[in-house]
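Student: Protein sequence lines, in the order shown, are assigned to chains G and U. Mapping the first sequence onto the working numbering, position 63 (from 1) lands on 63, and the numbers just tick up by one. Mapping the second sequence onto the working numbering, position 190 (from 1) lands on 190, and the numbers just tick up by one.
Hints in this document: simulated from the structure, not taken from any laboratory. Only a predicted model underlies this, so the values are computations on that prediction, with no experimental measurement involved. We treat Cβ as the ideally placed atom computed from N, Cα and C, and that holds for glycine. Check each hint, because a few of them may be wrong.
[Claimed, not checked] Below, computed lysine-lysine pairings styled on DSS-like, alpha-carbon distance capped at 27 Å:
#1 K64/G - K320/U
#2 K345/U - K102/G
#3 K355/U - K64/G
#4 K274/U - K320/U
#5 K267/U - K64/G
#6 K64/G - K5/U
#7 K355/U - K333/U
#8 K353/U - K267/U
#9 K82/U - K104/G
#10 K174/U - K359/U
#11 K18/U - K3/G
#12 K353/U - K64/G
#13 K261/U - K82/U
#14 K64/G - K274/U
#15 K64/G - K4/U
[Said to hold, decoys possible] One-sided excerpt, in silico: chain U residues whose CB lies under 10 Å from chain G:
#16 K18
#17 M19
#18 P21
#19 D33
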Amino acid sequence: MAKVIEGLFYAESHEYVRVEGEYGYIGITDYAQSQLGNVVYVDMPEVDDEVTAGEEFGAVESVKAASDLFSPVSGTVVEINEALEEQPELVNADAFENWIIKVKLSDPSELDNLLDAKAYEAICE
Amino acid sequence: MEDKKTCLYDRHISLNAKMVPFGGFVMPLQYSDIADEHIAVRTACGVFDVSHMGEVLVTGPEAERFVQHIFTNDVAGAPVGKIFYGMMLHENGGTVDDLLVYKEADDRFFLVINAANIDKDYAWIVEQSKGFNVVTENQSEYYGQIAVQGPQSERVVEEVLGLPCAELVFYTFKKLEVAGETIIISRTGYTGEDGFEIYGSHDFTVAQWDKLIESGRVKPCGLGCRDTLRFEVGLPLYGDELTDELSPIEAGLGMFVKLDKEEFVGKEACAKQKAEGVTRKVVGIELEGRAIPRHGYEVVVGDEVVGTVTTGYNSISTGKSVCMALVKIEYAKLGTPVQVRIHRKLQPGVVVKKKFYEKSYKK
Chain G
1 MAKVIEGLFY AESHEYVRVE GEYGYIGITD YAQSQLGNVV YVDMPEVDDE VTAGEEFGAV
61 ESVKAASDLF SPVSGTVVEI NEALEEQPEL VNADAFENWI IKVKLSDPSE LDNLLDAKAY
121 EAICE
Chain U
1 MEDKKTCLYD RHISLNAKMV PFGGFVMPLQ YSDIADEHIA VRTACGVFDV SHMGEVLVTG
61 PEAERFVQHI FTNDVAGAPV GKIFYGMMLH ENGGTVDDLL VYKEADDRFF LVINAANIDK
121 DYAWIVEQSK GFNVVTENQS EYYGQIAVQG PQSERVVEEV LGLPCAELVF YTFKKLEVAG
181 ETIIISRTGY TGEDGFEIYG SHDFTVAQWD KLIESGRVKP CGLGCRDTLR FEVGLPLYGD
241 ELTDELSPIE AGLGMFVKLD KEEFVGKEAC AKQKAEGVTR KVVGIELEGR AIPRHGYEVV
301 VGDEVVGTVT TGYNSISTGK SVCMALVKIE YAKLGTPVQV RIHRKLQPGV VVKKKFYEKS
361 YKK
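Extracted from the complex, chain G is given alone in its bound form (with noise of 0.2 Å):
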């Protein structure tokens, strides 16, 4: 069973965001990793790049296919985790710890367009 952690804000395309103050970690849910077995490569934005809600923003990569990213939030890519770039199974061990993406939010309101843990788990069964 996928785990689904409280507290987060999540989209139907299956990423998450956990708010820090003015910033947002974006990555892919327990679920989508589960769904696409083995990452191999995780395709991510520029630091300064920027994400729109409900726009591509990257791709994680198994061994057949590409999966888009899709931002659920909008704003500036602050930081990227550049840990995945040489060990992307991290996001299969812990796909909560392993954020891919970190952003400055430039619209916090996008966050009530979300899916609460609840809401989300409703969606995965």
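Fit chain U to the given chain G structure using the hints.
Tutor: Below, chain U alone, put in the same frame as chain G:
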């Protein structure tokens, strides 16, 4: 049209395989993990359900002359038990299919063709056979087929299946009488490893599969690793590196096109390509980074799109991101710097030989 099931469909379901459509069949993509299955074949032994492959039997007094007419390789005077790889071509040199030809007798040849092409190929073969004293029979519905692949294959086939195979050399086969039927076993495969392909009735095929899985010595392997394995050793997949529009000369498979043969369909087109040079060619590309080039991605030099990726992976055996790509001939030379557009970024790489891992056949 609904996808067909092979005789091993129930076995795949009970092994919790992830099933996907392929070539008109619903086939196992993977049972556990593509990389684990891939490594099992490189280091030990794996079994594949390849019952989706098509089989056509050609018999008659002019069987050899007919096979020579439709096939790019040269089977003239070959010993019984020999197998040839080659293509069937359109007049313009485009590839109808790539296939194996098994010589069973001077008047009897067994053709193994790709699942997705069975209907197209058989119609084409029948059309070509007009005027030849031959009988063609599509036996694809009758045969099941498994491929046992990997360095331990010989021991597994002998000890678990009880089929004598040690004396078979690479690209030869024999027929065996087993449980009241005639089966075919060949030392062939599509992985770059030693291995065997075994053809028989559905019942026979299921029984062999069960023995292999129950032995615990063989990992069930899906089409996912079949593709990563064949790709690493530079073997083409029809639909990627060979198509109706692409000739074997352009695919870099000219060694299987015997232009010194008297005639075959597509010979003139191939001879012209060879004499005048091709305008595009399938090459290997190795990228500097880990970004993964995939089928259909653009190959770019400067501002120009110079080609398209046909197959690409992060190689499981080497960890490098590599691909095969069809590129304009000006950029096909080994060492040419090129870029592949991956998720809107251009990733630098270089043209290399389209063999990313050394084959280890037992010849």
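Student: Each of the hints needs a verdict: does it hold here or not?
Tutor: These are the hints, each one checked on the structure:
1. Restraint check for K64/G and K320/U: satisfied, since their Cα atoms lie roughly 15 Å apart, inside the 27 Å limit.
2. Of the pairs offered as hints, the one joining K345/U and K102/G holds, with about 20 Å between alpha carbons and a cut-off of 27 Å not exceeded.
3. Annotation: proposed proximity of K355/U to K64/G holds, straight-line Cα distance about 19 Å (limit 27 Å).
4. Taking the CA atoms of K274/U and K320/U, the gap is near 32 Å; set against the 27 Å cutoff, the hint is violated.
5. Between the alpha carbons of K267/U and K64/G the distance comes to roughly 36 Å, so the proposed pair goes past 27 Å and is violated.
6. Pair hint K64/G plus K5/U holds up; C-alpha atoms about 22 Å apart against a cutoff of 27 Å.
7. A threshold of 27 Å between alpha carbons decides the hint, and for K355/U with K333/U the separation of about 15 Å falls inside it, so the pair holds.
8. Between K353/U and K267/U, the direct Cα distance comes to roughly 26 Å. Compliance with the 27 Å bound is thereby established for this hinted pair.
9. Distance restraint check for K82/U and K104/G: the Cα-Cα separation of roughly 67 Å exceeds the 27 Å cut-off, and the hinted pair is therefore not satisfied.
10. The hinted pair formed by K174/U and K359/U meets the criterion: a straight-line CA distance of about 23 Å does not exceed 27 Å.
11. Simply put, K18/U and K3/G have alpha-carbon atoms about 22 Å apart, close enough for the 27 Å limit, and the pair holds.
12. As the CA atoms of K353/U and K64/G are separated by approximately 22 Å, the hinted pair is consistent with the 27 Å bound.
13. Simply put, K261/U and K82/U have alpha-carbon atoms about 18 Å apart, close enough for the 27 Å limit, and the pair holds.
14. A distance of roughly 35 Å separates the Cα atoms of K64/G and K274/U; the hinted pair therefore is violated under the 27 Å criterion.
15. This hinted pair checks out: K64/G and K4/U have alpha carbons roughly 23 Å apart, not beyond 27 Å.
16. For K18/U, the suggested interface contact is upheld, since its CB lies about 9 Å from the closest CB of chain G, less than 10 Å.
17. Interface hint status for M19/U: violated, as the beta-carbon distance to the closest one in chain G is roughly 14 Å, over 10 Å.
18. Checking P21/U against chain G: minimum C-beta separation of about 14 Å lies over 10 Å; hint violated.
19. The beta carbon of D33/U is positioned within 10 Å of a beta carbon in chain G (closest approach about 6 Å), and the interface hint is therefore held.
Going down the numbered hints, you'll see the structure goes against 4, 5, 9, 14, 17, 18, while the others check out.
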